[in-house]
Structures are given as structure tokens and as C-alpha cells.
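J.: Listed in order, the protein sequences are those of chains R and L.
Numbering of the first sequence is given in the working numbering, commencing with residue 1 and proceeding in unit increments.
Numbering of the second sequence is given in the working numbering, commencing with residue 112 and proceeding in unit increments.
Any given hint might turn out to be false.
Stated by the list, open to error - Lysine-lysine pairs mimicking PhoX-like chemistry, simulated, CA-CA at most 20 Å apart:
1) R:K98 to R:K67
2) L:K168 to R:K2
3) R:K98 to L:K168
4) R:K98 to R:K2
5) L:K164 to R:K98
6) R:K56 to R:K67
7) R:K2 to R:K67
8) L:K164 to L:K181
9) L:K168 to L:K181
10) R:K42 to L:K122
Stated by the list, open to error - Examples of chain L residues lying across from chain R (beta carbon under 10 Å, computed):
11) R141
12) L156
13) S160
14) Y161
15) Y175
16) F201
17) T209
18) G214
Source of the hints: derived by calculation from the structure; they are not laboratory data.
Beta carbons: idealized from backbone N, C-alpha and C, even for Gly.
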Amino acid sequence: QKEVEQNSGPLSVPEGAIASLNCTYSDRGSQSFFWYRQYSGKSPELIMSIYSNGDKEDGRFTAQLNKASQYVSLLIRDSQPSDSATYLCAVNPHNTDKLIFGTGTRLQVFP
Amino acid sequence: DAGITQSPRHKVTETGTPVTLRCHQTENHRYMYWYRQDPGHGLRLIHYSYGVKDTDKGEVSDGYSVSRSKTEDFLLTLESATSSQTSVYFCAIRNINTEAFFGQGTRLTVV
Chain R
1 QKEVEQNSGP LSVPEGAIAS LNCTYSDRGS QSFFWYRQYS GKSPELIMSI YSNGDKEDGR
61 FTAQLNKASQ YVSLLIRDSQ PSDSATYLCA VNPHNTDKLI FGTGTRLQVF P
Chain L
112 DAGITQSPRH KVTETGTPVT LRCHQTENHR YMYWYRQDPG HGLRLIHYSY GVKDTDKGEV
172 SDGYSVSRSK TEDFLLTLES ATSSQTSVYF CAIRNINTEA FFGQGTRLTV V
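Chain R with its partners taken away, still in its complex shape:
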């Protein structure tokens, strides 16, 4: 079992819709969770971090964390074509300094 798993996609949504991206992790003791966006040929850039159960909102983005079920999700409201990118989930497992990434989900927002 991989430490961090994501569906590779592509996930295709129409402009204006809600895009839902999911990530599961294997280490139940993990404490820190991050979502990054990566455009083709560019480096990953941080969208959101989340550390406690529940929802965290920042503009059009909402991160959701459920530690009991070991998943973290990212919702993008009012999706725009400029949101088309690969979204990477990252987890800091318990008692390590490592930062482990999933393989990423490619999102396509069509007009």
C-alpha cells in the first residue's frame, strides 16, 4: 500500500462546477496535510495546509480532513480553465520529518 494515494485522473469538469479531489493516506498518526498545484513544466506551489479534522476554506478552495477515515480532500468551487493543472496531496507521517506526496490528480476544466 502506498503511503499517499490519489486517483491520477484526468478529472474533467465544466467551467463553474465544483471539482472534488481526494487523497488517502496510510499512516494513521499523520498530523500535517498539504495540497499543491503544479502546472505543466513548473514547480509545485502550495494551495492549502490543514492540520485538524474538519473543513478549512480559502477563497474558492476548501480542504477537508477526516483522520478517522484517513482521507483529505480538496474542493474547488466555481472552477476556471486556469485551474487546469495537476493537484498533489502531501502528508507528513507521524514521527518523521519526511514529506510524502501522492502521484497527483490531473484536473481539466473545460469552457
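With chain R's structure known, arrange chain L on it following the hints.
T.: For chain L alone, coordinates are given in the frame of chain R:
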């Protein structure tokens, strides 16, 4: 942008030659990471550092070594480059319980 610089940005080298990639930060962050990114594999952790002269292996460390003699510099060395090490390499920096920020990446081609 976080003060993190990778060099070189592009390199072509021959099989069997040694190669060193440099990551330099001006943020005084404790942790530094080296990842490689290949299609279908996402970001895979090679090595990371949790302080000067303190390093540990990641999930794909075979064929790579690292050194951190100063807080600001983290070097990744391929002792004898192979074609399977052709990849895009990213450095990231992070402080305790915070997000990671990435460098621009180094595209390495081993011919």
C-alpha cells in the same frame, strides 16, 4: 517567493559521470528535501536533511548521496549517472510544522 534556488536548471551528462545538483536557501529553514519527478510517479523523495550534517534516506535513495555542510546548502550527488536517473529534480525547504516550498527544478538528462 521563498528564497530557494536550484542549480543548474538544465544539465545533460554522460552515463557513468558524477553529477552534483545544488539547492540553496536564504530562509534559514531547518528541513531540506530532494525529490525526483517522473511521469506516472509523482514526486518521490530521494533524501532529506533535518539539520546541518543530518540527513536520511527517502524512498528512492539508491544511486544518490547528499551532503549538508551549511544550513543554506543541500547538495545531491549522482556518483555514476545512469539513464534511469534522467528526471526532473526538485528541492524543497520547510520549517517545523509548516509548509514546504519548492525550487524551480533541475532537468537532468543522462545520455
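J.: Does each hint fit the structure? Answer for all of them.
T.: Verification of the supplied hints:
Of the supplied pair hints, the one linking K98 of chain R and K67 of chain R holds, its CA atoms being roughly 19 Å apart against a limit of 20 Å. In summary, the hint linking K168 of chain L to K2 of chain R is supported, as the alpha carbons are separated by about 17 Å, within the 20 Å threshold. Taking the CA atoms of K98 of chain R and K168 of chain L, the gap is about 9 Å. The hint holds against a cut of 20 Å. Note on K98 of chain R and K2 of chain R: the hinted pairing holds, with a Cα-Cα distance of about 14 Å set against a maximum of 20 Å.
The hinted pair formed by K164 of chain L and K98 of chain R meets the criterion: a straight-line CA distance of about 16 Å does not exceed 20 Å. Taken as a hint, the K56 of chain R and K67 of chain R pair is honoured in the structure, with Cα atoms around 14 Å apart against an allowance of 20 Å. Proximity of K2 of chain R to K67 of chain R is assessed by CA-CA distance (about 17 Å); at most 20 Å being required, the pair is judged to hold. Among the hinted pairs, K164 of chain L with K181 of chain L is consistent with the structure: their alpha-carbon atoms are about 8 Å apart, no more than 20 Å.
Restraint check for K168 of chain L and K181 of chain L: satisfied, since their Cα atoms lie roughly 19 Å apart, inside the 20 Å limit. Taking the CA atoms of K42 of chain R and K122 of chain L, the gap is near 17 Å; set against the 20 Å cutoff, the hint holds. Nearest Cβ of chain R to the Cβ of R141 of chain L: about 8 Å, under the 10 Å cut. The hint holds. Against a cut-off of 10 Å between C-beta atoms, the interface hint on L156 of chain L holds, since the closest Cβ of chain R lies about 6 Å away.
Contact between S160 of chain L and chain R, as hinted, is supported at the beta carbon level, the nearest pair being about 9 Å apart and thus within 10 Å. The restraint placing Y161 of chain L at the interface with chain R holds, with a minimum CB-CB distance near 5 Å, inside the 10 Å limit. Because the beta carbon of Y175 of chain L sits about 15 Å from the nearest beta carbon in chain R, more than 10 Å, this interface hint is broken. Contact between F201 of chain L and chain R, as hinted, is supported at the beta carbon level, the nearest pair being about 6 Å apart and thus within 10 Å.
Annotation: T209 of chain L was flagged as interfacial toward chain R, and the flag holds, the nearest CB pair being 8 Å apart, inside 10 Å. The beta carbon of G214 of chain L is positioned within 10 Å of a beta carbon in chain R (closest approach about 6 Å), and the interface hint is therefore held.
Of the hints listed earlier, the one the structure fails to meet is number 15.
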